[in-house]
Structure formats: C-alpha cells, structure tokens
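2 protein chains.
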Amino acid sequence: MVLPRNLQLDIIAATLEGFEEDIIFSLVDRVQYRVNGKIYRKGRSGFRGESRKSLFSIRLRCQEEMDARFGRYCVAEERPFTRRLPRPRRIAHLPDPGLALRDFNTVNLTADILRGYRGLVRRLCESGDDGHYGSSVEHDVSALQAISRRIHYGAMFVAESKYRTDPKTWRAMIDARDEKGMMRLLTRPKVENAVIARVREKVAAVQKQVNLRVRRRLDPETVVRYYREHVIPLTKKGEIIYLLHRRKDTREGRGRHYGG
Amino acid sequence: MVLPRNLQLDIIAATLEGFEEDIIFSLVDRVQYRVNGKIYRKGRSGFRGESRKSLFSIRLRCQEEMDARFGRYCVAEERPFTRRLPRPRRIAHLPDPGLALRDFNTVNLTADILRGYRGLVRRLCESGDDGHYGSSVEHDVSALQAISRRIHYGAMFVAESKYRTDPKTWRAMIDARDEKGMMRLLTRPKVENAVIARVREKVAAVQKQVNLRVRRRLDPETVVRYYREHVIPLTKKGEIIYLLHRRKDTREGRGRHYGG
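So the sequence lines, in the order shown, correspond to chains D and Z.
To convert, note that position 111 of the first sequence is 111 in our numbering; the numbers rise steadily by one, no gaps.
To convert, note that position 15 of the second sequence is 1015 in our numbering; the numbers rise steadily by one, no gaps.
Just so you know, these hints were derived from the structure itself, not from any lab.
Beta carbons: idealized from backbone N, C-alpha and C, even for Gly.
Hints are supplied without guarantee of correctness; some may be wrong.
What the simulated footprint calls covered on chain D by chain Z, stretch by stretch (three residues with Cβ under 8 Å from a Cβ of chain Z suffice, anywhere in the stretch; the number is not a length) [what the hints assert, rightly or not]:
no., region
1, 27-36
2, 122-135
3, 211-217
Only chain D is shown next, with the shape it has when bound in the complex (with noise of 0.2 Å):
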C-alpha cells in the first residue's frame, strides 16, 4: 500500500525536524530577555482598559485574533490556546491533509503545552526583571506557536500514517479502547533518541557563532529535558486521542481542508 507522501513517516519526521527549528530561534529569541514573572500575573500588565489580565494573557489573545482572522486555524496542525476567536475573513484552498477527523480540535493540547511551557522559561531565562515586557511576551507567543504546531502536527500525523499501514491491528486496539497497548506500539524508544540527540546538536549548531558578550546562550540540556518531558509525551498522548477519535467510515480523511 503506498501512502500519500505527507502521510510517509520520513516525510512527517523531516517537517518535525523543520518545525524543531521554529522552535529552537523562538526560544534563542526569549532567552535574550530575563523571566520577567510580572508579565504572567494577572492585574499588573500596565495596559490600558484591562486591569485583571497578564500582559501575556492579552498578547497571547491579540495575535491570536489576528491569526484567526487571516485563517491560520484552519490548518489542521494550528491550534489556538485561547476560546471565541473571530472567524477567518479570508479562505485559501489547501491541499486535503489525509486526516480521518470530523474536527481537529479533538486533538487539543494546548492547555498542556501552556503549564509546561512556563516551567520551561524559569529554567531557561535568567531570573530577574529586565523591563522587557514587550518583546518576552512577543517571543513566548512565537515559542507556544512553534511548540504546539509541532506537538499537533505529529499527533494527527504521525498516528494516522501508522493506522494507515496496518487498519486491522489498530482498529481493533481503537475498538477495545486499549490506551496501554496503543501507547506501547507508539513508543519507539530509538526514533525519540535519535531526535533529543538531534535537537541538542542542532540547539549547539544554531548558536556555534554566538557572541556572548551581548548575547544570552540557549542551554541545549535544557531544551533536551523539555522535549522529553514534555514535547515527546504530549505528541504521544495525542496521538492515541487522534486514533480513539479516528472516523471509521473512511479511509481517505475528509478533514476540513482550508486554510494557508
């Protein structure tokens, strides 16, 4: 059976590989600034009319306002943290993603990726206040952007590709709703060690000529204990929400199929 090519597992783990680097510059982005813990507190953002949330909270909100309204969350792997955006005022054709979900906003880890995301800064920013508010919140939005595209995008992926070269064995595990012997098939211990190494490398590689006089270094062992913590696990609980969700009544994925 040959798979369309972006249901080819190599093909999935080269666009993980693209969006690791999302990742990785947004995160180099924010470190340049301290924690800032005044910027998470709600009633102390400083901004006019919105006197009970964080300056975060309402970056977070505005920019994804925006992305609402020029469509990104019509790709399947785009996934808003915040509720009620306005709808897109534009519509761009897509190529059908091959997905087998009836919405796929059944796959929503968001509120996850937001509470690891703050441990994540308090061990990678230099602790402290620096007055930087603006550009921290504008970089840990990109940063959340980058990390939940990444983990929705290789739940849906990566789980459907796998259904899709053995049905029998996987409808009947999705049938007996057996979680524990999903997540054993899906763990492949080598490919997440292959990718933690990949992504200490290329966290060393991206900042090989980083002057250090004016420039905050990312630690690479930092990010490696997140991807593993957190990046790795949370792909995979949503792969297993993507298969107990997964439409029987097709093998072709009839998703919604715009967006751009």
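Based on the hints, put chain Z in the right spot on chain D.
Below, chain Z alone, put in the same frame as chain D:
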C-alpha cells in the same frame, strides 16, 4: 572620555550581530514558501472587507497596530512601516538610550527597506505559487521588522557613538552639511567586509543540519548581496540623517525613553 556601555562601538557591533540572527532566522522561515506574488498584489487579498489592499499590506498593518498598542514603537530602534497607528496602551520604563534626537522618527528608512525587500524575496524564494499565503506574509512581516530594527539601531547608535568620540570634527562637518565627508568618515571597508564574512558563515552555520528533503535552504550569497546593497548602505544613509538632525544643545541626549 568614557562612553556609556550602550554607546561603545564594540557593544553596538555585538548587538547588531544579535539582530543579524533575527534576520537570518526570519529569512530561513520565509524561503520555505514560494514567492507567492499574489500576496503583494492589490485587490487580490481574498480578505473579506478589504477589496483594495494586498494581503501583505493588510497583515503588515494588523501586526503594527497590535505592536503599537503594546508599545513597540516607543523603543528607539523600532520603526513602523505604516502610518496613523493607535497609541500605546501601556507605558514601560526603559533606560534612556542616550540618543540626541528630538524625534527618533526623523531617521525613517522604512520606504527604502520595503522596496529592497521585495527584490530580496524574488531572489531568495522559489518562483511560483504554493497557496501558503498566510504563512508567507507572516514571515515577511517578521523579516521586515528584524531588518528595520537592524538598520535603525545601527544608524542611530553608531552615529551617536562616533559623534561622541570626536564631537568637534563631527560638529564642523554637520554645520557645513558636508555629507560626502561624513560618508567618507563613516565608511570602514574592513568592518563592512568582516560583517559580510560573518553573515555568510552564519547563514551556513544555522542551516548546517537542515534536512533538504523538506526544508529549502536560504542561499548565503543572496543574503550577503542584500547586506552589501541594502543593509549596509541604508545604515550609513541613516547615520548621516541622524547626524544632520542631531541636537546641538545636549551631549547626553534626551530622546523619548519609554517602551519595552
């Protein structure tokens, strides 16, 4: 005479290096998509309620409206490409940058930057159309913001730093409006060549581990040419504008200094 840290030439050079990375990261993102010429064409945005603008200009304006509310343009080196933006809804207190300009916006090279960038996209990206309009304009806007920050920061801080190391010479040239003489004094071929060499190496280093099955490579020579023909000349043009408008009545500078 001891200059404040942020006006020391080697610190400025190192900060410019950091901005260089932002530019490279954004361009790596942009070249993943084709030129998508339609996004720059007026009346072809496909954006409901916007029949006359291009998708690119709609996105640029939306981004800058959001950024303006968050106070981005209160920072000395940030300069919007669009006009009549909303007022900031927050005020942050950052250190006085030490510039001697009544209005930072006197140095505004955004029109030149925009013109040069369109040519850069044509040379960097694969020709044709891939339908990824939303992502293309998003990365265009990030790249433009990074380029603009690099050029405006370089222009103002290099000029002020040079002025302070020899105020008598510079004041005489400014009073004589001797632009040619200033350009001679501002041009340091050795430094320019070192910047060019570093950009070339950095573009290659950042992509050393790129998987070319799914990622497109940012061509180092095209970026180098853009630096030689646009970034460096525009920075010097900005330095001269800065010097011609430098306040006489201050050694320390008292520009606006809120932002963040």
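Against the structure, the hints:
| no. | hint | verdict |
| --- | --- | --- |
| 1 | 27-36 | holds (count 3) |
| 2 | 122-135 | holds (count 5) |
| 3 | 211-217 | holds (count 4) |
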